[in-house]
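The listed protein sequences correspond, in order, to chains L and R. Positions in the first sequence are counted from 1; adding 148 to them yields the working numbering. Positions in the second sequence are counted from 1; adding 10 to them yields the working numbering.
The set of hints was computed from the structure by calculation and includes no laboratory data. As the structure is a computational prediction, the values presented were derived from the model and not from experiment. Errors might be hidden in some of the hints.
[Claimed, not checked] Cβ-Cβ distance ranges computed for the label pairs, FRET-style: (1) L:S299 with R:A302: 30 to 36 Å; (2) R:A174 with L:A267: 28 to 34 Å; (3) R:A207 with L:S299: 20 to 26 Å; (4) R:S131 with L:R212: 32 to 38 Å; (5) L:R166 with R:P241: 53 to 59 Å; (6) L:G350 with R:A174: 55 to 61 Å; (7) R:R206 with L:A267: 36 to 42 Å.
[What the hints assert, rightly or not] Which chain L residues face chain R? A few, computed with CB under 10 Å, are given here: (8) P248; (9) K249; (10) P250; (11) A258; (12) A262; (13) T336.
[Unchecked claim] Straight-line distance between alpha carbons at most 20 Å, and here's what the computed EDC-like set of lysine to aspartate or glutamate pairs gives: (14) L:K301 with R:E193; (15) L:K286 with R:E192; (16) L:K301 with R:D153; (17) L:K301 with R:D199; (18) R:K383 with R:D267.
Positions of the beta carbon are idealized from the N, C-alpha and C atoms, including for glycine.
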Amino acid sequence: MRVLVVEDHAELAESIARVLRRDGIAADIAEDGEEGLRRAAVVDYDVIVLDRDLPRLHGDEVCRALVARGGDTKVLMLTASGTIAERVEGLSLGADDYLPKPFAFAELLARIRALARRAQPSLPPILEHDDLQLDPGKRVATRAGERLALSPKELAVLEHLLGAGGRVVSAEELLERVWDEEADPFTTTVKSTINRLRAKLGDPPVIVTVPQGGYRI
Amino acid sequence: MPRLPSPTVRLRLTLLYGGLFLLSGAALLAITYFFFRRSTGINLIVPNGGHSDFSRQTLEGIQSSYAGLERAHERSLHQLLVDSGIALAIMSAGSIVLGWLVAGRVLRPLRTMTATTRQISERNLHERLALPGPKDELKDLADTVDDLLSRLEAAFGAQQRFVANAAHELRTPMTLWRALLEETLTDPDATIDSFRATSRRLLALGEEQERLLESLLTLASSERGLGRREPFDLAVLAEAILRDESPEAAALGLRIDTELDPAPAAGDAALAARLVRNLLDNAVSHNVPGGAVHIRTGTGAEGTFLSVANDGPAIPPGQVGRLFEPFQRLGTERTGPNDDHHGLGLSIVGAIATAHGASVEAEARPEGGLAIKVRFVAPPQVPHF
Chain L
149 MRVLVVEDHA ELAESIARVL RRDGIAADIA EDGEEGLRRA AVVDYDVIVL DRDLPRLHGD
209 EVCRALVARG GDTKVLMLTA SGTIAERVEG LSLGADDYLP KPFAFAELLA RIRALARRAQ
269 PSLPPILEHD DLQLDPGKRV ATRAGERLAL SPKELAVLEH LLGAGGRVVS AEELLERVWD
329 EEADPFTTTV KSTINRLRAK LGDPPVIVTV PQGGYRI
Chain R
11 MPRLPSPTVR LRLTLLYGGL FLLSGAALLA ITYFFFRRST GINLIVPNGG HSDFSRQTLE
71 GIQSSYAGLE RAHERSLHQL LVDSGIALAI MSAGSIVLGW LVAGRVLRPL RTMTATTRQI
131 SERNLHERLA LPGPKDELKD LADTVDDLLS RLEAAFGAQQ RFVANAAHEL RTPMTLWRAL
191 LEETLTDPDA TIDSFRATSR RLLALGEEQE RLLESLLTLA SSERGLGRRE PFDLAVLAEA
251 ILRDESPEAA ALGLRIDTEL DPAPAAGDAA LAARLVRNLL DNAVSHNVPG GAVHIRTGTG
311 AEGTFLSVAN DGPAIPPGQV GRLFEPFQRL GTERTGPNDD HHGLGLSIVG AIATAHGASV
371 EAEARPEGGL AIKVRFVAPP QVPHF
């Protein structure tokens, strides 16, 4: 899952991004409204966490532009002025959810995941393939009832492959959905992560390599 | 227990009309009665003399018919009095009824105004009475009420903006505070070093919050007015503050020009020092690299003044007034490392100046930056302290 954090307080934006990454979500940062729109035009984000009070281009304008553009991207608005009137206003602009500042990270994460699920309504809350199970909310993967010790990145790759439902996923797609701009953008990173993941998943092998195509479960 | 209605203006006006009518009616009757009585009496002229032709019998006849006439006259006078009394009573009752109606008619616009004003103050302050009609006493009253409502609306608006802004200003660092704490606490790989770094950052954030609170308190206390009056010299205050600020300005590569002539004023010296410091901070932190700050103090025809002008980004002239509203900052460009005043600096300047009866003129300089002049009223010549 890939998320864009549009927040002008650099320190807060970085803190949010760090926590999201720790939870296996690829997170990018934009420091003002214009940059946010620019980035949203390049990458197809699952969720955009949008601060309302942004310099250059106000969060409301960004939200309006994002909604007008269409697509599956969900917008979660953050604002420090948490009156009910403001909340209603934010939602009526087309934001999909709303979180007043200050917020708890647990709630922010839960809402981001809920929004991402709404973007792909066909996905069940728990992803399964044979004896392999993955609970995206709890960040837990099990095989034959045994819990797998996966890193956040490995878990995210597994989640994306399971979510693809048998479709072939290219290394580039994995890079875009699972890695953010913090990571070095090389397909070798994908390859090594897949290899580690295969080792941890054990036998029989689950991930199939499709020559010239990518990976498939 | 039902409360008796207090005598209304309508009742009082009615009683006034009725009473006046009764009084003037009674006076009119009295005068008429008096003249009538004087002009319609019966005069009996009996020629005097020895050789009267009247027989005794005739004389008696005349006397008796005179007495009869006299009685009839008395009766008709009495009748007149009674009739007039009845007429007066009827007319008085009529005038009271008319008075009640007229008083109601006169007071109706007033009642409408009261009802509308009550509705406005309950519902929404942006409505006005806007009484139509010629310029009279009532229209004057309505216009005065409208002016009052305008000022109330402005004051409420300013207060609401202030509260909203203060909430925003307090929530933003709280959010960061909470985020940093949670991030470290929920990190399974957190080390002592990362805990240390977070603690240090939280401490710094706490100090920033303390400064914001202090600024809010200064703003509130200077809006309350002056607690004391003592003489001070703006030049001396400016010099002392410049000694503190110069190194910071020099570190940012700014030039400070000073022209400090004696500028005696009176008031709260600590607040005045705060005013000077905020103006200087503002001039330094909203400057451009290699820019300058000009500070002048002195005495002019209208009193003493302090003026601070700085280079900086161009400010649209219409935006200057906004700078004195709490929590307003223009753009994010600033030369200073951080904004210590949280957008309260200039509103504190405004509040302190108002408390001192000083005027603040601010204008955007065409070449960029801001020029602010604060004029203090010169202290009265006090011979001894």
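Report task. For the pair supplied as a hint, R:K383 and R:D267, confirm whether the alpha-carbon distance does not exceed 20 Å. Result -> holds (15 Å)
- Task: Verify the interface restraint on L:A262: the C-beta must sit less than 10 Å from at least one C-beta of chain R.
- Result: For L:A262, the interface hint is violated, since the closest Cβ of chain R sits about 19 Å away, which is over 10 Å.
With a cut-off of 10 Å, does the beta carbon of L:P250 approach a beta carbon of chain R closely enough for the hint to hold?
-> Nearest chain R Cβ about 4 Å off; hint holds.
- prompt: Once the shortest beta carbon distance from L:T336 to chain R is found, is it less than 10 Å?
  reply: violated (25 Å)
Starting from the range 30 to 36 Å, see whether the pair L:S299 and R:A302 falls in it by beta-carbon distance.
Distance hint for L:S299, R:A302 is violated at roughly 56 Å.
Check the following: the C-beta atoms of R:S131 and L:R212 are separated by a distance inside 32 to 38 Å. At 36 Å between Cβs, range holds.
Note to self: Interface hint check: L:K249, Cβ to nearest Cβ on chain R, cutoff 10 Å. Holds or violated?
What the structure shows: holds (4 Å)
Fill in: Status of the L:A258 interface restraint (C-beta, 10 Å, chain R)
violated (13 Å)
Worksheet entry | Holds or violated: L:K301 to R:D153, with C-alpha atoms at most 20 Å apart | Violated - the C-alpha atoms of R:D153 and L:K301 are around 71 Å apart, more than 20 Å.
Evaluate the given range 53 to 59 Å for the C-beta pair formed by L:R166 and R:P241. At roughly 56 Å between Cβ atoms, R:P241 and L:R166 fall inside 53 to 59 Å, so the hint holds.
Point to revise | Agreement of L:K286 and R:E192 with the hint, judged by alpha carbon distance not exceeding 20 Å | key: holds (18 Å)
*Restraint check for L:K301 with R:D199, where alpha carbons must lie at most 20 Å apart*: At roughly 15 Å apart (the allowed maximum being 20 Å), R:D199 and L:K301 satisfy the hint.
In summary, the numbered hints that this structure violates are 1, 11, 12, 13, 16.
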